[in-house]
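Peer 1: When you get a sec, could you build the whole thing from the sequences and use the hints?
2 protein chains.
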Amino acid sequence: MLSSILFYSLDKAIRQYRRMAQANIDQAGVAITIDQWLVLRVIEETDDLTQSDIAERVFKDQASVARMIRLLLDRGMLQAEPLPQDGRRTRLRVSAEGHRTLAAVEPVVLNNRAVALQGLSENDLNTLRFLLEQIATNCSKQPE
Amino acid sequence: MLSSILFYSLDKAIRQYRRMAQANIDQAGVAITIDQWLVLRVIEETDDLTQSDIAERVFKDQASVARMIRLLLDRGMLQAEPLPQDGRRTRLRVSAEGHRTLAAVEPVVLNNRAVALQGLSENDLNTLRFLLEQIATNCSKQPE
DNA sequence: TAAAGATTCATGATATATCATTAAGGTTGC
DNA sequence: GCAACCTTAATGATATATCATGAATCTTTA
Chain A
1 MLSSILFYSL DKAIRQYRRM AQANIDQAGV AITIDQWLVL RVIEETDDLT
51 QSDIAERVFK DQASVARMIR LLLDRGMLQA EPLPQDGRRT RLRVSAEGHR
101 TLAAVEPVVL NNRAVALQGL SENDLNTLRF LLEQIATNCS KQPE
Chain B
1 MLSSILFYSL DKAIRQYRRM AQANIDQAGV AITIDQWLVL RVIEETDDLT
51 QSDIAERVFK DQASVARMIR LLLDRGMLQA EPLPQDGRRT RLRVSAEGHR
101 TLAAVEPVVL NNRAVALQGL SENDLNTLRF LLEQIATNCS KQPE
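If you're matching them up, the sequences are chains A and B in order. 1 is the number of the first residue of the first sequence in full-length UniProt numbering; add one for each residue after it. 1 is the number of the first residue of the second sequence in full-length UniProt numbering; add one for each residue after it.
Just so you know, not all the hints are guaranteed correct.
For chains that are exact copies, the list does not tell them apart, and a pair is met inside one copy or across any two.
Mimicking DMTMM-like on lysine to aspartate or glutamate, the simulated pairs with C-alpha atoms at most 20 angstroms apart in a straight line are [to be verified]:
# : residue 1 : residue 2
1 : Lys12     : Asp124
2 : Lys141    : Asp61
3 : Lys12     : Asp53
4 : Lys12     : Asp61
5 : Lys60     : Asp35
6 : Lys12     : Glu56
7 : Lys12     : Glu133
8 : Lys12     : Asp35
No lab work stands behind these hints: they were computed from the structure.
Peer 2: Right, dumping it as structure tokens:
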């Protein structure tokens with residue numbers, strides 16, 4: 001039935017996109033995953049977020065974000081300094097290496113999007129976004 | 001920009017759906033993940049598939065499918081018999097326990113879909129599916 | 001029919017998803 | 001000022017995603 005095909009299509013679209021996107025990043029010679037890239041970009045944009053804040057923005061789990069941040073620190077993309085006003089946290093900043101990586105990924109991401117959305121009009125995109133938001137809202141409304 | 005919001009919405013919709021769906025399955029007291037359920041259903045529908053065939057149908061990787069099948073076997077949802085005509089493969093069949101599980105999950109899945117798609121018309125669903133398929137096609141066309 | 005090649009499945013490595021829990025550090029209320 | 005409570009981050013456990021590779025088993029072909 002249609003509704004089952006729908007979720008299949010949804011899953012398929014996002015997976016194909018992720019595969020293509022990651023393949024293109026790899027091929028550009030940049031060593032970062034899409035998910036790490038997303039986190040790095042959020043930190044670049046807004047300083048001074050907690051892991052939970054970041055998780056909310058990238059729509060992931062705090063535990064996932066904690067591990068991604070650890071990886072980004074290990075790879076020298078991020079730097080952490082202690083925060084005097086709160087001993088639990090650190091202040092995260094994108095390092096020079098991190099900025100270089102973001103700059104290198106930027107055009108690849110733009111190209112990925114352009115490729116993925118070929119043949120879709122502005123109007124299509126708006127429709128799509130509206131319907132997807134509706135689904136997300138429906139799903140979060142009913143925690144039962 | 002719009003295209004970035006789009007992929008965010010796509011990601012969000014599928015994640016919210018999966019969270020809700022899994023939560024409702026858990027709450028129904030059935031011990032299976034959505035992904036395992038999907039594989040089990042494919043095997044129920046069509047006997048005598050290779051792991052790669054199954055992977056293609058559920059849009060996953062052969063390696064992922066191999067591990068899910070192992071789990072389903074361990075949990076008694078599936079049974080495997082050797083195939084005389086091909087020593088590499090086994091014939092997978094849904095066990096009685098597997099059938100019980102599928103039956104228990106069925107109404108939950110139908111309800112999940114109904115909840116997720118509240119307020120969307122038949123026409124909306126068609127539009128959505130068409131656009132998502134377009135994106136998937138765009139992404140798979142360009143492996144570069 | 002033997003060697004080369006293809007298919008099938010399993011598994012290692014690394015990353016992510018999710019839930020649960022822990023430990024440490026803040027905040028509040030009395 | 002201390003006890004109860006909340007937040008923050010880290011981590012364990014389990015499942016999945018992906019790529020790569022290995023091993024066993026067909027299949028082809030010369």
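Peer 1: Against this structure, judge whether each hint is valid.
Peer 2: Results of checking the hints against the structure:
no., hint, result
1, Lys12 to Asp124, "both (18 angstroms within a copy, 18 angstroms between copies)"
2, Lys141 to Asp61, "within (18 angstroms within a copy, 32 angstroms between copies)"
3, Lys12 to Asp53, "between (29 angstroms within a copy, 16 angstroms between copies)"
4, Lys12 to Asp61, "between (22 angstroms within a copy, 12 angstroms between copies)"
5, Lys60 to Asp35, "both (10 angstroms within a copy, 19 angstroms between copies)"
6, Lys12 to Glu56, "between (24 angstroms within a copy, 11 angstroms between copies)"
7, Lys12 to Glu133, "both (18 angstroms within a copy, 8 angstroms between copies)"
8, Lys12 to Asp35, "both (18 angstroms within a copy, 14 angstroms between copies)"
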